[in-house]
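K.L.:
Keeping their order, the protein sequence lines are chains A and B. The numbering of the first sequence is the numbering used here, which starts it at 13 and goes up by one. The numbering of the second sequence is the numbering used here, which starts it at 108 and goes up by one.
Any given hint might turn out to be false.
As the list claims (entries may be wrong) - In silico BS3-like pairs for lysine-lysine, Cα to Cα no more than 27 Å straight-line:
id : chain 1 : residue 1 : chain 2 : residue 2
1  : B       : K147      : B       : K251
2  : A       : K63       : B       : K225
3  : A       : K166      : A       : K64
4  : B       : K111      : B       : K225
5  : A       : K64       : B       : K111
6  : B       : K193      : A       : K63
Think of the hints as simulated: they come from the structure by calculation, not from any bench. This one's a predicted model, so the numbers in the text were calculated from it and none came from an experiment.
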Amino acid sequence: MHDFDFESPRTLTEAVALLASRDSRPLAGGTDLIDHMRTGRFRPALVVDLKKIPELTQLVTDSNGLRLGAAVPCYQIQASAEIRNHYSAIADAVSIIGGVQIQNRATIGGNLCTSGPAADSAPALLALGAICHIAGPKGTRTLPLDQFFTGPGKNVLQPGEILVEITCPAPVPMSGSNYRRFIPRNEMDIAVVGVGVSVTLDASGQTITAARIGLGAVGPTPILAVDAAKTLVGQPASDANYKTAGEAARAVTSPINDMRGTVEFRRHVTGVLVERSLREAVARARGESQYHAHVRIPCS
Amino acid sequence: MSRKRVVTCTINGHEEQFLCEPRQTLLGVLRDTLDMTGTKEGCSNGNCGACTVILDGRPVVSCLVLAVECEGSQVETIEGVAQPDKLAPVQNAFLENAALQCGICTPGIIMQTQALLKDNPNPTEEEIRFYLAGNLCRCTGYDKIVKAVQQTAMTASASCQPGCCGE
């Protein structure tokens with residue numbers, strides 16, 4: 013690995029100043045950054061560890077919703093009963109990012125800032141209406157997650173800017189969410205297609221009153237499929253309507269051919285996963301299903 | 108050249124101090140500075156799990172941890188598993204079940220097994236396979252590893268007192 017300096021600031025102000033001062037990279041879990049430095053893709057003169065900054069390491073759920081620090085590791089997110097029960101698409105995503113060892117280090121903030129089109133956390137957070145809170149040399153700013161990504165490996169962050177936390181609105185009654193992906197194995201793989209959805213049902217549990225759909229690995233950035241979600245609003249929660257939404261989602265994809273899948277395959281699977289994910293999110297909204305972990309989660 | 112740092116941490120219960128550059132990984136320091144070569148280097152990019160150690164109670168791949176991040180941490184490696192005069196039950200179970208051939212993945216898998224059984228003393232086969240999904244083995248086909256983990260769990264539960272692990 014190339015030679016670099018290392019700092020581990022305790023405050024956000026200090027971190028912003030360090031990151032703005034020279035050619036630098038922030039470090040959270042390190043599961044992307046350390047590998048990228050090893051292969052020479054990134055050669056920063058300074059690495060700034062963000063894990064000692066309180067704002068980046070808190071996970072709070074209350075009546076205002078979820079505040080998720082960008083440097084909270086996946087295992088801690090998965091261990092939160094509040095996340096599993098009320099923001100379950102996030103629990104679905106963080107429990108399939110890498111294996112146990114990776115989940116013990118990797119963070120949502122890192123997953124978003126690496127900005128891979130196949131990032132598992134992105135479609136889940138898009139579906140849950142996530143907002144990015146950014147601090148930088150010119151102060152703080154917020155923007156919806158669907159405006160954060162600008163291309164493969166690229167996002168809106170300017171030199172010195174840090175993704176501090178992600179917030180999601182509090183879930184309303186009769187709502188549910190799900191993230192799922194297609195991979196040719198059971199575990200330890202990168203999404204060929206990833207789909208996150210959230211739905212809200214009316215009091216009877218039969219009609220969809222609100223929906224959001226996020227898509228991953230089917231375009232240069234994760235995609236918020238606005239028109240596909242619109243087809244569901246005011247409609248009965250039925251297989252026929254899930255299929256219509258799936259068709260509409262296929263229309264906004266622009267996938268590539270690569271070793272993981274062809275354009276045609278990815279487009280087809282997008283629709284299939286949208287249908288399956290809607291079915292699961294509706295079941296969760298009705299209280300008929302819930303997040304299921306493959307690995308028993310230690311109590312937190 | 109970046110300034111070298113002194114890092115103080117606890118490794119296998121003993122306080123250690125070492126000098127390292129920021130670019131050195133925990134894996135590199137364990138093997139090259141501290142001569143603790145029980146932890147193996149496989150892929151160096153977090154896919155294979157050969158370099159798994161326990162950092163502050165949780166298994167991590169030491170190739171994706173900078174040594175400077177370990178200031179004040181507790182690190183457990185394969186060197187701390189056996190007693191001075193005898194192997195740990197998990198090591199015996201791996202030998203008795205022939206759960207290794209070339210042995211490169213074994214230290215990582217033993218550490219991951221220790222972490223699994225601490226969280227979940229009686230795992231199902233599915234839980235074992237998912238928990239060990241981050242540890243690749245090119246020799247055994249995994250079945251013998253799963254059997255060794257199951258035997259370790261059974262041995263531990265046979266020797267435990269009623270109520271000692273929530274059963």
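K.L.:
For a quick check of understanding: which of the numbered hints are violated here, in increasing order?
P.N.:
4, 6
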